[in-house]
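Those protein sequences? They're chains A and B, same order as listed.
Under our numbering, think of the first position of the first sequence as 1, with each following residue one higher.
Under our numbering, think of the first position of the second sequence as 1001, with each following residue one higher.
Incorrect hints may have been included.
With a straight-line Cα cutoff of 30 Å, these simulated DSBU-like cross-link-like pairs (lysine-lysine) come out [unchecked claim]: (1) B:Lys1123 with A:Lys388; (2) B:Lys1195 with B:Lys1123; (3) B:Lys1262 with A:Lys386.
Covered stretches of chain A (in silico footprint by chain B; criterion: 3 or more residues with CB under 8 Å from a CB of chain B, positions within the stretch not fixed) [claimed, not checked]: (4) 238-251; (5) 291-301; (6) 428-436.
None of these hints come from the bench; they were simulated from the model.
Backbone N, C-alpha and C define an ideal beta-carbon position, used for all residues, glycine too.
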Amino acid sequence: MSHITPEQLSEDAKKLIVDYLSKIDELKTKDRMKIPAQEMPAQDPEIRSHNLDEVALGYTVEQARIEAMRCLQCVKKNCVEDCPVKIDIPRFIDHIAHGDMGNAAGVIKEASLLPAICGRVCPQETQCQSNCTVGKALKDVDKSVAIGRLERFVADWERATGKISIPEIKPATGKKVAVVGSGPAGLVVAADCRREGHHVTIFEAFHKLGGVLRYGIPEFRLPNDIIDKEIEVLKAMGVEFQTNFVVGRTRKLTDLMDKDGYNAVFVGTGAGLPMFMGIEGENLVGVFSANEYLTRANLMRAFEKGKADTPIYPSKNVAVLGGGNVAMDSARMAKRLGAENVYVVYRRTEVEMPARKEEVEHAKEEGIEFYFLQNAKRIIGGENGKVKAMECLRYELGEPDSSGRRRPVVIPNSEFILDVDTVIVAIGNSSNPLISQTTPQINVNKWGNIIVDETQKTSVDKIFAGGDIVLGAATVILAMGEGRRAAASINKMLADDIEKEKKSVN
Amino acid sequence: MSKILFKKQLSNDVFMMRLHAPLIAEERAAGQFIILQINDDYGERIPLTIADADTKEGSITIIFQVVGKTTLQLSEKNVGDVIPALVGPLGKPTHIENFGTVVCVGGGIGVAPLHPIAQALKKAGNHVITIIGARNKDLIILEEEMKAIADEFILCTDDGSYGRKALVTEPLKEICERSPKPNMVIAIGPPIMMKFCSETTRPYEVFTQVSLNTIMVDGTGMCGGCRVNVGKEIKFVCVDGPEFDGHKVDFDNMMSRLNSYKELEREAHSCFLEQEIKNKEALQ
Ligand SMILES: Cc1cc2nc3c(=O)[nH]c(=O)nc-3n(C[C@H](O)[C@H](O)[C@H](O)COP(=O)(O)OP(=O)(O)OC[C@H]3O[C@@H](n4cnc5c(N)ncnc54)[C@H](O)[C@@H]3O)c2cc1C
Ligand code: SF4
Ligand code: FES
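With the hints as constraints, model all of the structure from the sequences given.
Here you go:
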């Protein structure tokens, strides 16, 4: 895909929209199907691979309205069915088509709290856009209505026009809710519980808020400003924040209730413990977990060389192991930090890669090389215990496994050497051990993920959990969905308590 | 945020501070550490052992040596100044019980984390033999405090400027040869010293516990930057440690990992010092 300049895209849209504006309500299905899908304007790949600014620039108003006119307003809404939080997608899109951005925002906000974030990072092609009627009819999921881009457009419009409203807060109930972790799950719980009038405190281990949104997902995909804005809203709502506070260590989880008077606790501590391959040479100097590499670059701001005190390893040739979003982010970050060659080494083929499609395309445009059906066998050290090379093996696809995916099988004697000085391991996380180590009463499964019931309640009364600590490494939207459900359960529990207290007084 | 309540220079480049941190003071146990940052946006996160705590004052004590930019800047802070980010207590507490005879070996700044452990061991009824050592007399810290708890006290310097002229491994070997041999050794200090203490005790099969101070970022088990090889396993020092069986730790790998950023830091450090000098000149 060649890069089309944002100016060109904007020009084209301005011309095109003239034809449609007058007959917007008369468009037939076949007219709509003919409207060209709108490309996302993006920074030039040559330039952006050397800066940290956001890659995708967002639709212009004209582009957004044209894209919105492609929606068929289906009666059977496949898109809504596949949306984890059930946003009324055709309704908000129809508002965009008619140029009514305020109402579009309102519709999204009924179901989702952080649209500026979800519009940017949700894997739309496997969710709302996967079964969109337009994409189905055109036999190309890339031609589905660009729901995610439209969601982002509306959220950005709202921010740019300064129209973000602070939700109404009910009168104080005197009940206290502790939220552990400030990732998407925790932020949503805080907002929903605060709205009911409860006092809410978020406890965060790091010095900055946002969880993975801050330390994992890079600035070029999700600017910090956006997270800051969302957190400002929570602060304006009266949510309290305690940073540099590790629940379990700075204070026992149960002490939050027994000593500090919290009436409910939500655990949203996210995934933890990065996994390694278990191969030779994995502790050499120059081998990093993606978490470490990205945390240094993002949270500790090592990309601002000269300003930041946290160092980042100087690399020329980088291998990234894995095929998810984390792998894409690491590879693209390494490039931006000055690596000349970056290779993504993935055991399966491109089709099986769990990363968002847009990120894979962007990575390719930026010159990241993909080595499919290959995997690391061992990492080879040179002087001072530093990485010198990596030995790899080639694979082929064999019989389908129980999940229906064809399993990669090693090709014997296919070893070859890749010349690298840095290896970034992005093959997933197991669970964060801190809460289970220090609060053994909470039941966890054999992977260390907290077990919850359908209301998100853990095995301990008044303690709820959600997000990656329950699901394993999942997605922002699923974490938010769990947060929503947990908040509803907490609000119900506290309302019942208040009711009981009233009765016992009377 | 945490205010500096007290500051004292212990030697040329070693400083002691008491920081206001009531929750950490209340929760901490021997063997645990904190992570701090001098600047909330651009600062680096460095782990430092909690040397002591005072729950009445709501304070913890840290002792640190100036080895890089962050420790240098920290040493320039004064009473009343604020540390923007301080988190803890991190790591697993030391397992304390009455083991019998325990040899506590502290090298250089390592005596700081050793002190609360030795104290706790003594309180639990152990016979505590203490060996402290440093390159020279100037670098010996907490001599009186360690002496006060020790049933036997040995002090050595590499250059013989104070106490016995020896490396700490010499008296350690002699003690291992005694009959009965000690039940346990705890060695804390520079990696090379912990390595050789472990090598010294290995032939005598005396369990030797070391406390590792690796590079860390988060300190909560999220990044893996602190990982070390212990036996056949990869362990994360911040959540599995910081204490491990010295006979199983791959010290050579740990030392090369500690040097991951040495070249970069040297550059940064010299740039920083040049800038400092320029700033001072500009003021004159
Ligand atoms: C590099 C990267 C890229 C990703 N890209 C995408 C993407 O494009 N799309 C997508 O949908 N998903 C993506 N994900 C996954 C997504 O970010 C997570 O699923 C989501 O953030 C999980 O949210 P959470 O609230 O459960 O936890 P987290 O976001 O992990 O937040 C947990 C927070 O809790 C804090 N914490 C942990 N323990 C404690 C404690 N004991 N006390 C106090 N605080 C504690 C942590 O410091 C952290 O801030 C990505 C993940 C990574 C790492
Ligand atoms: S499935 Fe596609 S075309 Fe149909 S309503 Fe949803 S977005 Fe519009
Ligand atoms: S410091 Fe990050 S996992 Fe230990």
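Structure-based check of each hint:
Restraint check for Lys1123 of chain B and Lys388 of chain A: not satisfied, since their Cα atoms lie roughly 50 Å apart, outside the 30 Å limit. Using a Cα cut-off of 30 Å, the hinted pair Lys1195 of chain B and Lys1123 of chain B holds, with the two alpha carbons roughly 28 Å apart. Between Lys1262 of chain B and Lys386 of chain A, the direct Cα distance comes to roughly 13 Å. Compliance with the 30 Å bound is thereby established for this hinted pair. A count of 7 residues in the region 238-251 of chain A with a Cβ less than 8 Å from any Cβ of chain B is obtained; the coverage claim is therefore met, three being the minimum.
With a cut-off of 8 Å between beta carbons, the region 291-301 of chain A has 6 residues touching chain B; three or more are needed, and the interface restraint holds. Residues of the region 428-436 of chain A lying with their CB closer than 8 Å to a CB of chain B number 3, which satisfies the three-residue condition for coverage.
The structure fails to meet hint 1 from the earlier list, while all remaining hints are met.
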